[in-house]
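Once you've looked at the hints, dock chain B against the given chain A.
2 protein chains.
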Amino acid sequence: MKELIEIGKKAKEASKQLAHLNTDQKNKILTLVANLLESSASSILEANATDLKLGEKMGLKGAIVERLTLSEDRIRGIAEGLREIVKLEDPIGEIQEMKQRPNGLLIGKKRVPLGVVGVIYESRPNVTADVAGLCIKTGNVCVLRGGKEAFRSNNAIVQVFHQAIKECGLDHRMVQLVQDTSRESAMAMMKLNAYLDILIPRGGAGLIQAVVQNSTVPVIETGVGNCHIYVDKAADLKKAVAIVYNAKTHRPGVCNAAESLLVHEQVAGEMLPSIGAALAEGGVEIRGDKTSCKLIPDAVPASEEDWSMEYLDLVISSKVVGSLEEAVDHINSYGSKHSESIITENYSHAQYFLERVDAAAVYVNASTRFTDGFEFGYGAEIGISTQKLHARGPMGLKELTTSKYIIYGSGQIR
Amino acid sequence: MKELIEIGKKAKEASKQLAHLNTDQKNKILTLVANLLESSASSILEANATDLKLGEKMGLKGAIVERLTLSEDRIRGIAEGLREIVKLEDPIGEIQEMKQRPNGLLIGKKRVPLGVVGVIYESRPNVTADVAGLCIKTGNVCVLRGGKEAFRSNNAIVQVFHQAIKECGLDHRMVQLVQDTSRESAMAMMKLNAYLDILIPRGGAGLIQAVVQNSTVPVIETGVGNCHIYVDKAADLKKAVAIVYNAKTHRPGVCNAAESLLVHEQVAGEMLPSIGAALAEGGVEIRGDKTSCKLIPDAVPASEEDWSMEYLDLVISSKVVGSLEEAVDHINSYGSKHSESIITENYSHAQYFLERVDAAAVYVNASTRFTDGFEFGYGAEIGISTQKLHARGPMGLKELTTSKYIIYGSGQIR
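Chains as they are written, first to last, in our numbering: chain A, 1 to 414; chain B, 1001 to 1414.
None of these hints come from the bench; they were simulated from the model. Cβ atoms here follow ideal geometry from the backbone N, Cα and C, with glycine treated the same way. Please note that the accuracy of each hint is not assured.
25 Å max Cα-Cα, derived PhoX-like pairs, lysine-lysine [what the hints assert, rightly or not]:
hint, chain 1, residue 1, chain 2, residue 2
1, A, K398, B, K1398
2, A, K239, B, K1099
3, A, K87, B, K1099
4, A, K53, A, K148
5, A, K109, B, K1109
6, A, K99, B, K1087
7, B, K1110, A, K398
8, B, K1028, B, K1166
9, B, K1109, A, K87
10, A, K12, A, K28
11, A, K110, B, K1110
12, A, K233, A, K294
13, A, K398, B, K1099
14, A, K398, B, K1109
15, A, K191, A, K12
16, B, K1016, B, K1191
17, A, K191, B, K1191
18, A, K398, A, K109
19, A, K109, B, K1087
20, B, K1398, A, K109
21, A, K99, B, K1239
22, B, K1110, A, K109
23, A, K99, B, K1028
24, A, K148, A, K191
25, B, K1233, A, K16
26, A, K110, B, K1398
27, B, K1016, A, K233
28, A, K12, A, K99
29, A, K290, A, K233
30, A, K398, A, K110
31, B, K1009, B, K1166
32, A, K110, B, K1166
Away from chain B, derived, C-beta distances all over 10 Å, residues of chain A [stated by the list, open to error]:
hint, residue
33, V65
34, E122
35, V300
The following block holds chain A by itself, in its conformation from the complex (with noise of 0.2 Å):
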């Protein structure tokens, strides 16, 4: 597709600028978006409008018009989340391990940009000044593919990050947005090696799945969640109680909410009952094995199809398991390897569970919620990895860099 290839070749071109700023640079940049961001609120919120008018006429509704919608409140969110990415530290140009070998040789491992990043989104303008203003602090090039639904809005942000990186002046070219948001831009871009060093999906499951299967380009998966409570014999009820509700109810559109609930049939009687009260106060729609309806009066019966369920909705799947070992096993056979939480007071379980559990992050007596970069204390989020390869788990500033030996001689030979 032309208008990738062109994309493409002027990416790699800004990329040999903007991989070389230094940190006052890039934050003088970040930090201009950010007033030109709030003051140009108006021109957002109506190309927002726009969105939001043809998007009522294409029939949406819900939860991705409410993703969707910005206001200004959220304007400047988004313009005080990239204040907080000028604060963090640049991992840019630190040296790693650096090294004298036996030869002589001083061998160091340069922490330096992947180079230009690809992201294809939905519905969320936040995503678009997000994943800019990331990319823009650790010297990569973005190219951005957002959703139909949210070009004008997506558009005027970056309209922005162009005014501000022009005043600047530098190439405005190191933030890019895919005009073309047809399903086939989105398919060139998973094929474009040549120029892109990397491609991150953010969005449904659907998504994410077309590009893992299409892309011959170096791909991160995130997001999906199926994430598991295991409510070990051990257990403290109270702690149970409130973490199953938090995992679930908190915030139950979001990738870190639980979707399923296990329980040791030893406490399963002492436990369930409460557990299903506080869910269904809560609005919550539990659907449980043979054991978890006879407890949970309003359960509805589950089916296979359950157990690997990321509803993102007020809805949770509940079974009642043998052992620790059982509910292990059931979590590495269902689970998305996202998050996964056991509420015990034994230690041996705890320890079990940590070490046999396999996911991108594993907890003991705490809210699957808080797998976020910024619960995490790392300050931003570009996506939650649950691959293995490269990142896993929330995805901070680090995680868009890759290394460079860097090797002072003196004449080696071999």
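Relative to chain A, chain B alone:
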């Protein structure tokens, strides 16, 4: 493909045990394998002789036969390699950056095995033992798909692993050799996302590109090296001659050998005749641009394709450039991002080259031949990554691991 799905299932099963073995248990296997390889040398050599005989009928010759051939000495070398792996520190279990968050959560990043590592390789049977050894040490199950010309040799080596693993009372399925060596089995491996966590191709450019283009399993691209030596205008003649000669002739068939020479025009008259004479003495064919051909009597004219060639042979391309910047641009355009070296006594030129050249390893005043896990002090190597994701440059034990966040809570909710 049925065989691969079966292998995948067994691999996942074996991973449940291997991933949680402690260092002593893993070292015990490796030591036993090393001893058994030496005591079973005759049966391995017998299998290898059959491979060689069949290879002769198939018309194999030269370098391939050389790579395929085992001897008592080579087997001892393989066993010694495994004993070296025993001595290396086990990276698994290390917990990095453990910190207490303001809410009391204790968050750490634990180093864990990737899970199941697939490797597709060509004719060298020693790769079988090297990869299996590195994978066992890092708690990874390996699925090995070697070339058909080495099938009997590979099988004999894998039998020794199985014997040792069984003698340790452990699951021998932690090392698996694909029995079908057809093109189809390689293709099927590239789609085995359900069972493989990573796929590493080791071999020529054709194999590597086939894997990059077709694999839906995350790939680590290895090995192709179009490495340059840039002789700066501030170069020391003696160092330049020695380093170019070494980088080209020390072992021309490997990926970190130099394939292209760039010389600053201001010193070409001084440098090229001496470098050319040394290379000619080493039997190297020089393919030069106009100026190079003028200055080196034996040089033949280069075509545009020569700038991109990985000869893997006693051939080198030579080009005279007008500036340091032109040299860097040429390298970033035609290089394979493997290893690049500048010869200079000028501080700023050295720093510019280190900063601007985009490659896994960038050298000042040293031969590119040092890009190697052993030379870098990692004690072992599973390949040299030329991609930017997950690993870049020589991949040792750490590059065969991933992380998981472990979080100790005391009832935290959001």
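Comparing the hints with the structure gives:
1. K398(A) with K1398(B): Holds. K398(A) to K1398(B) sits at ~17 Å (cutoff 25 Å).
2. K239(A) with K1099(B): Judged against 25 Å, a Cα distance of about 23 Å means the pair holds.
3. K87(A) with K1099(B): holds, 20 Å
4. K53(A) with K148(A): holds, 13 Å
5. K109(A) with K1109(B): Distance ~20 Å between K109(A) and K1109(B) Cα, so the pair holds.
6. K99(A) with K1087(B): Holds: K99(A) and K1087(B) sit about 20 Å apart, inside 25 Å.
7. K1110(B) with K398(A): holds, 17 Å
8. K1028(B) with K1166(B): holds, 12 Å
9. K1109(B) with K87(A): holds, 24 Å
10. K12(A) with K28(A): Cα-Cα ~22 Å, so holds.
11. K110(A) with K1110(B): holds, 23 Å
12. K233(A) with K294(A): holds, 19 Å
13. K398(A) with K1099(B): Status holds; Cα separation ~17 Å.
14. K398(A) with K1109(B): Distance ~14 Å between K398(A) and K1109(B) Cα, so the pair holds.
15. K191(A) with K12(A): holds, 16 Å
16. K1016(B) with K1191(B): OK: K1016(B) and K1191(B) at ~22 Å, within 25 Å.
17. K191(A) with K1191(B): Holds - the C-alpha atoms of K1191(B) and K191(A) are around 17 Å apart, at most 25 Å.
18. K398(A) with K109(A): holds, 14 Å
19. K109(A) with K1087(B): holds, 24 Å
20. K1398(B) with K109(A): holds, 14 Å
21. K99(A) with K1239(B): holds, 23 Å
22. K1110(B) with K109(A): The hint holds at about 21 Å.
23. K99(A) with K1028(B): Outside the cut-off at roughly 31 Å; violated.
24. K148(A) with K191(A): holds, 20 Å
25. K1233(B) with K16(A): Within the cut-off at roughly 24 Å; holds.
26. K110(A) with K1398(B): holds, 17 Å
27. K1016(B) with K233(A): holds, 24 Å
28. K12(A) with K99(A): violated, 32 Å
29. K290(A) with K233(A): holds, 19 Å
30. K398(A) with K110(A): holds, 12 Å
31. K1009(B) with K1166(B): holds, 19 Å
32. K110(A) with K1166(B): violated, 43 Å
33. V65: Given a closest Cβ separation of 25 Å, the condition holds.
34. E122: Non-interface label on E122(A) holds, nearest chain B Cβ at 22 Å vs cutoff 10 Å.
35. V300: Nearest chain B Cβ is 26 Å from V300(A), so the label holds.
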